[in-house]
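There are 2 protein chains.
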Amino acid sequence: MTNVAVVGVGQTKFGELWEHSLRDLGVKAAAAALGDAKAEAGIVQSLYIGNMSAGRFLGQEHLGALIADNLGIPHIPAVRCEAACASGSVALRSAYLDIKSGNADAALVVGVEKMTDLANDEVSMTLAAAGDQEWEAGIGLTFAGLYALMARAHMHKFGTTREQLAMVSVQNHSNGKNNPYAQFNMAVTLEDVLNSSVVADPLRLLDCSPITDGAAAALLVSDKLAKQFENPVWILASEQANDAVALHDRKSIVEMQAAKMAAKKAYEKTGLSAKHMDVAEVHDCFSINEIISLEALGFCEPGRGGKFVESGAAALDGEIPVNTTGGLKSIGHPVGATGVRQICDIVRQLRGDSINQIKGAKTGMNLNVGGSGATAVVNILGNELKGA
Amino acid sequence: MTNVAVVGVGQTKFGELWEHSLRDLGVKAAAAALGDAKAEAGIVQSLYIGNMSAGRFLGQEHLGALIADNLGIPHIPAVRCEAACASGSVALRSAYLDIKSGNADAALVVGVEKMTDLANDEVSMTLAAAGDQEWEAGIGLTFAGLYALMARAHMHKFGTTREQLAMVSVQNHSNGKNNPYAQFNMAVTLEDVLNSSVVADPLRLLDCSPITDGAAAALLVSDKLAKQFENPVWILASEQANDAVALHDRKSIVEMQAAKMAAKKAYEKTGLSAKHMDVAEVHDCFSINEIISLEALGFCEPGRGGKFVESGAAALDGEIPVNTTGGLKSIGHPVGATGVRQICDIVRQLRGDSINQIKGAKTGMNLNVGGSGATAVVNILGNELKGA
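Respectively, the protein sequence lines represent chains A and B. Under the numbering used here, think of the first position of the first sequence as 1, with each following residue one higher. Under the numbering used here, think of the first position of the second sequence as 1, with each following residue one higher.
This is chain A alone, in the form it adopts within the complex (with noise of 0.2 Å):
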């Protein structure tokens, strides 16, 4: 059985990128990971392209052509994958699998998404896509408003309060302070957050992730090839499960079992649990879906993921550091890169250059989402092979 390692990884800096056009910020990232490898894009056998809607924001669909030939390597076979703001992790896993198969030796991951050149009302819109749209999104139900709902049952539910919430932002804000990729560099307090002016009751401006451009990409090569390359990061699991795309039609709305389905499939393979994690890359799209992803990873008991966050567990110094360079709330979220930029923040620590380093950080995982938890994709990641 081939196995598979992460041998190099990159990103733009996130935020509102008026100077790039799409392909651009592809580039960009891939050359950044090329060069991260050490590396030349004629290594490269296949392209994977993760993006949600290039079609609707920018009016141009077939990435993986386009990218490939801005690359300089038009004729590699190269496809774009797509499962909402799972993008990213969708075509990391596909290139996985192609790997696995024996059919590349190589493969690069590029995550894309210029969200920035619609108006605000069309981004919500376009971002509403993601969610069932005869059911959700034609009534006029956001993303916000979705996890509003998620969020008001689980406080109902198990006790969450409304400043456990905003420890989620106040934290990632904390972490993405030194990251030079990140949208937003400046901490929040939690004033800050419950002052911050009402999207959707309870979920308060600072609660949000932004809208941004960006692109992250990764390097995937076979055990084969991963000899040639310094520190190889390997992915002991890459797993995904789904999960009805309208809320209504979930079992539960105050959690999201395709996640821990997902991270149930990915423990199996390796044979690993929650408590061997080093670090880990959460979905904090929203900050209540920080907390309702600590449960489905198993860091925490079912409905004690707010506290989990208040204990200060989740913190650098705690017992499971998440979302060490900032998550989506202060990094950004390009949501097509959001998977591919996730695993570069695990590559980095697994490597030990990582901003907000963690001593001794040796496996680490990440979960990315797709909607209000209809895809979840989880990769375990180790810089040692054993437990693959």
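Hints are supplied without guarantee of correctness; some may be wrong.
Because identical chains share one entry, a pair is satisfied inside a single copy or across any pair of copies.
Listed next, the in silico DSSO-like pairs over lysine-lysine satisfying Cα-Cα at most 27 Å (straight line) [said to hold, decoys possible]:
id: 1; residue 1: K13; residue 2: K264
id: 2; residue 1: K307; residue 2: K264
id: 3; residue 1: K362; residue 2: K251
id: 4; residue 1: K13; residue 2: K157
id: 5; residue 1: K275; residue 2: K307
id: 6; residue 1: K13; residue 2: K359
id: 7; residue 1: K224; residue 2: K265
id: 8; residue 1: K362; residue 2: K269
id: 9; residue 1: K227; residue 2: K177
id: 10; residue 1: K275; residue 2: K265
id: 11; residue 1: K269; residue 2: K224
id: 12; residue 1: K227; residue 2: K251
id: 13; residue 1: K38; residue 2: K275
id: 14; residue 1: K359; residue 2: K157
id: 15; residue 1: K307; residue 2: K13
id: 16; residue 1: K264; residue 2: K38
id: 17; residue 1: K227; residue 2: K13
id: 18; residue 1: K269; residue 2: K157
Derived by calculation from the structure, the hints in this document are not laboratory data. In this text, all values refer to a predicted model and were calculated from it rather than measured experimentally.
Using the hints provided, position chain B relative to the given structure of chain A.
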């Protein structure tokens, strides 16, 4: 090495399907493929959706989770794959690689597009997103315009005639007369084509495939599972190659280099060549593309595609029967579905249960093209495993 078989195919009627939503179409085609295989949905371990632009056509992304849920299998990993009009084929190829990797033993592919809910000018702009937005679409170059440039250059360089272009449409409409799934069952004459209104000179209305709603599906399984099914048809090769998206960045506009490269890889992998093929499906989105495709696949010399069609060599009783059920021209072209629909038709021919059955057909191929040739996928299928 795991081999992969197609054990069930199905599709909806193609046409203006006002009474069906996109999810309905996807589910109907999937159910037809499962029914054809005499399999339950529970067998499916991965779902791949081929779709170009539901985000712009309908405000709905995240089709993987959506269609999985509507099929009653909400928790399996599901991804949407996109490469413009080759989206169906990149979805199929992703399913093929997934099974090759050992991750899944059964994967379902659904190609689907619902195009007629938009006004015609909006459809043209949406399809233009398959080209280069900054260099082509942005200056008003539609797909009919791009293929018209290729047609004019081909006529100039090789002496291809306006009548030869028309013969492609006449033949495909003739082949589609008795296809119950086709959007247009009427025959057309040479005069009909030559007198139809100009769309982009030299291409006329009856040189152009229509705007269509529809879906097609195929159930793929590993050789381990294939034993349980009647009449498996084997995917002997599934190869993709790409080229620059913008026509002006290509080496030549009178040939499709990506299609030639994909075909070469597929022939090398199988040890087969054009002369071994009993039947072929090619991408006649515009009449000129069938001519260029026949050259790319090696059925005739470069520049001789027009004469090849004129000679009757591509007819049902010719040396290589092409588009035996009507092609994109007669059946319709729901862009994300077409690559999968081609596979349905090749599978039926190789099983011996097609309309216009080619007697004794054992080996067949398809060419599905994205954009004006930037993505090309070639599959070679056989009713025996030899050559794989």
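Hint by hint, here is what the structure shows:
1. Taking identical chains as interchangeable, the C-alpha atoms of K13 and K264 are never at most 27 Å apart, the minima being 33 Å within one chain and 41 Å between chains.
2. Taking the shortest Cα distances, K307 and K264 sit within 27 Å of each other inside one copy (23 Å), while across copies they are farther apart (60 Å).
3. Neither within a single protomer nor between protomers do K362 and K251 lie at most 27 Å apart by alpha-carbon distance, with minima of 35 Å and 48 Å respectively.
4. In this assembly of identical chains, K13 and K157 lie within 27 Å of each other by CA distance neither inside one copy nor across copies; the values are 39 Å within and 48 Å between.
5. Taking CA atoms no more than 27 Å apart as the test, K275 paired with K307 passes inside one copy only; the shortest distance there is 18 Å, against 70 Å between copies.
6. Taking CA atoms no more than 27 Å apart as the test, K13 paired with K359 passes inside one copy only; the shortest distance there is 25 Å, against 60 Å between copies.
7. In this assembly of identical chains, K224 and K265 lie within 27 Å of each other by CA distance both inside one copy and across copies; the values are 26 Å within and 23 Å between.
8. Proximity of K362 and K269 under a CA criterion of 27 Å is satisfied intra-copy only: 17 Å inside one chain copy versus 41 Å between copies.
9. Within a single copy, K227 and K177 get their C-alpha atoms no closer than 36 Å, and across copies no closer than 58 Å, so neither meets the 27 Å cut-off.
10. Within a single copy, K275 and K265 get their C-alpha atoms as close as 16 Å, which meets the 27 Å cut-off; across copies the closest is 47 Å, which misses it.
11. Taking the shortest alpha-carbon separations for K269 and K224, both the intra-copy value of 21 Å and the inter-copy value of 22 Å come in at or below 27 Å.
12. For the identical chains of this complex, K227 and K251 are neighbours neither inside a copy (46 Å) nor across copies (36 Å), given an alpha-carbon limit of 27 Å.
13. Proximity of K38 and K275 under a CA criterion of 27 Å is satisfied in neither setting, with 34 Å inside one chain copy and 44 Å between copies.
14. In this homomeric assembly, K359 and K157 never come within 27 Å of each other (Cα to Cα): the closest approach is 37 Å inside a single copy and 66 Å across copies.
15. Taking identical chains as interchangeable, the C-alpha atoms of K307 and K13 are never at most 27 Å apart, the minima being 33 Å within one chain and 55 Å between chains.
16. Within a single copy, K264 and K38 get their C-alpha atoms no closer than 35 Å, and across copies no closer than 31 Å, so neither meets the 27 Å cut-off.
17. For the homomeric pair K227 and K13, neither the shortest alpha-carbon distance inside one copy (30 Å) nor that between copies (52 Å) is at most 27 Å.
18. Proximity of K269 and K157 under a CA criterion of 27 Å is satisfied in neither setting, with 32 Å inside one chain copy and 58 Å between copies.
When held up to the earlier numbered hints, the structure conflicts with 1, 3, 4, 9, 12, 13, 14, 15, 16, 17, 18 and fits the remainder.
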